[in-house]
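Enquirer: Residues per chain, in single letters:
Number of protein chains: 2
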Amino acid sequence: MPELRKDMLTGRWVIISTERSRRPDDFRPPSPSEIRRENPAFCPFCPGNEAKTPPEVYSIRDDGSEPDQPGWKARVVPNKFPALTPGPLPPRKSRGSYQWMEGVGIHEVVIENPDHNHEMADLSLDHLAEILKIYRLRTIAIEQQFHYQYVQIFKNKGRDAGASLSHPHSQIIATPIVPKRIKEEIYGAERLFRNSFRECSICRMLREELQSGERLVFKNEFFVALTPFASRFPFEMAIVPKRHSAFFRQITDEEIVLLAEALKEALNRLKAELSDPPFNLVLHQAPNPQIAEKAWPGIDFYYHWHLEILPILTKVAGFELGTGFYINPVAPESAAEYLRKSEKPKI
Amino acid sequence: MPELRKDMLTGRWVIISTERSRRPDDFRPPSPSEIRRENPAFCPFCPGNEAKTPPEVYSIRDDGSEPDQPGWKARVVPNKFPALTPGPLPPRKSRGSYQWMEGVGIHEVVIENPDHNHEMADLSLDHLAEILKIYRLRTIAIEQQFHYQYVQIFKNKGRDAGASLSHPHSQIIATPIVPKRIKEEIYGAERLFRNSFRECSICRMLREELQSGERLVFKNEFFVALTPFASRFPFEMAIVPKRHSAFFRQITDEEIVLLAEALKEALNRLKAELSDPPFNLVLHQAPNPQIAEKAWPGIDFYYHWHLEILPILTKVAGFELGTGFYINPVAPESAAEYLRKSEKPKI
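Residue numbers (this note's numbering), protein chains in the order written: chain U, 2 to 348; chain D, 2 to 348.
In short, the hints are calculated from the structure, not lab data. Be aware that a few hints might be false.
Identical copies look the same in the list; a pair holds intra-copy or inter-copy alike.
Unchecked claim - Using 20 Å as the maximum straight-line C-alpha spacing, the simulated DMTMM-like pairs for lysine to aspartate or glutamate come out as follows:
id, residue 1, residue 2
1, K74, E120
2, K181, E191
3, K272, D161
4, K7, E185
5, K7, E191
6, K94, E209
7, K7, E215
8, K316, D277
9, K342, E215
10, K94, E215
11, K272, D123
12, K316, D161
13, K272, E334
14, K220, E274
15, K7, E209
16, K184, E294
17, K184, E200
18, K134, D254
19, K220, E262
Only chain U is shown next, with the shape it has when bound in the complex (with noise of 0.2 Å):
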């Protein structure tokens, strides 16, 4: 059973997972084998190889195609090497000083389309909108279970953004307790919206990026994506919706649309422009409808639900590490000038 463990200082939760650990010595350069797992013959997300993953929780599938067998779109599967394990709400225990808790929880694969070499930028508006919406799926699914405190939806592209799996994938995670992170985004956001804006810090801030326009990257009917104002990254975007929302699962089908352009404007370009680089995808939405509104009273009204989007274009080091402080060498505003370059012409 994994374990979770906090940090006595910072109040930092860790995940620490032996099941899904390697011997010390496997801690070398990548070996042969994984290099071969690259190879489609022996990718466990390809179709044919459904055996190689738990049975799926979902899929897309043509009609009258067998659960676990090709024919499918997009898959949803359990992780075979979790982070977290389902169960019950575990007690928090302690050793001497230190406090930990049982790692319960749940962590899936979206298998986003059969082709191993066709990425997410390369996916139709409509299939697009297809993985979205098991997203929004999962979410709802999974936040049945009050204990699952917060769904982290979040996706790794290319081994230096953390997959060790090449075909197209996201992952779930949820948590027994409201990661740091969050946290720290809600009670920023409702300081703000008391003390400050008296109103969404996320909407009021939308409002002057869409007046000033010099970090705007991409905007539709219902989004705008965006290099954000104090941007850790290099051409890091930030996707969000011009609907007040705190909950991602109240996003509608016409929405989902609109979003799923958007995602692609913001991937195509970095694709087009930076090369194909690594990234990581990562969604914030407020905790477990069941457990928000009571731990946090009004988050629907001072909390906004976004995408951010964090290429891979220099590495975090001891200083980040050590301060938190980030170090980012190319100002938002040439990023999103960069980028709204490879605007493509509308036909």
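Following the hints, complete the assembly by docking chain D onto the known chain U.
Expert: For chain D alone, coordinates are given in the frame of chain U:
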């Protein structure tokens, strides 16, 4: 002039440092010129190439040798591409709802020895103690100006740890605000002191760790090297002084020799047991004493300086970036056992 910008929601500051920016086109795989710089003939940190760095701030030299000429054992020079630049305390400014300030600070490089291939782990104890004395000396010198609120000393070893030059060096960055990560440690330590332990939490933790021994890697009269209970990374280590002290600048000459021993032991074990992995080294100390006691009364009693050694064996990915959680596939107890085994017989 670089800019410090504040993320509205999380309060996280970033440094937008476009002077050190490469053009956007340069964010591509390592170029031949980058690889060429690994060659000592072109290395700006090798003897004979002193003119390639800004004039030295400090050095340890053979008698009679001239500044910025060969004959040195270690040099401190301003970073040629500084993340922050010296100046008086800048006011906080705003742009719409955003906050920012000019990027004032210090950024120095400590060239640890003349030999391009002689790493920190290979230095003699005497030489390593001299490097640690340089850290102390530069901390004291920089902190004479009260507005350099925090001095971060760190080292990136290896490209994957963020080093752009392979010649062994460490870095010093002083910031005009106390970074988020340090504030978290200070507030956490203060809370534990006041509400729970009535003593320094690190002193208490050390006592428990010495008793159980399961996370112990090395100890001598003054220092303990251990794998922290909530380690973020496989084989993460902390080196903690047994004598309570908030300020690294207060370390004695006698203690510095034993810190050099503990550090060399820790680095040698990493090198021997894990194929010389890239790592980050981070020194966490209390902020500038000119402001520390005013901002955090009693900080001398509850904060405890320490070194963190963070091997880069896994990738930080979307889940970590999204949540601030880390997934560590190696239990600190197994890591400590593994590192203890490489103990050399004492003669």
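Enquirer: Confirm or reject each hint.
Expert: Going through the hints against the structure:
1. K74 to E120: within (13 Å within a copy, 51 Å between copies)
2. K181 to E191: So K181 and E191 pass the 20 Å test inside a copy (15 Å) and across (19 Å) alike.
3. K272 to D161: within (15 Å within a copy, 22 Å between copies)
4. K7 to E185: both (17 Å within a copy, 14 Å between copies)
5. K7 to E191: between (25 Å within a copy, 17 Å between copies)
6. K94 to E209: between (47 Å within a copy, 17 Å between copies)
7. K7 to E215: between (41 Å within a copy, 18 Å between copies)
8. K316 to D277: Answer is both; intra-copy 17 Å and inter-copy 19 Å each pass.
9. K342 to E215: Answer is within: at 13 Å inside a copy they meet the 20 Å cutoff, but 57 Å across does not.
10. K94 to E215: between (50 Å within a copy, 19 Å between copies)
11. K272 to D123: Answer is within: at 10 Å inside a copy they meet the 20 Å cutoff, but 42 Å across does not.
12. K316 to D161: both (9 Å within a copy, 7 Å between copies)
13. K272 to E334: within (19 Å within a copy, 42 Å between copies)
14. K220 to E274: within (18 Å within a copy, 52 Å between copies)
15. K7 to E209: Between copies only: 16 Å across, 39 Å inside.
16. K184 to E294: within (13 Å within a copy, 28 Å between copies)
17. K184 to E200: Only inside one copy: K184 and E200 sit 19 Å apart there, 28 Å across copies, limit 20 Å.
18. K134 to D254: within (8 Å within a copy, 63 Å between copies)
19. K220 to E262: Answer is within: at 9 Å inside a copy they meet the 20 Å cutoff, but 58 Å across does not.
The structure is consistent with each of the numbered hints, conforming to all of them.
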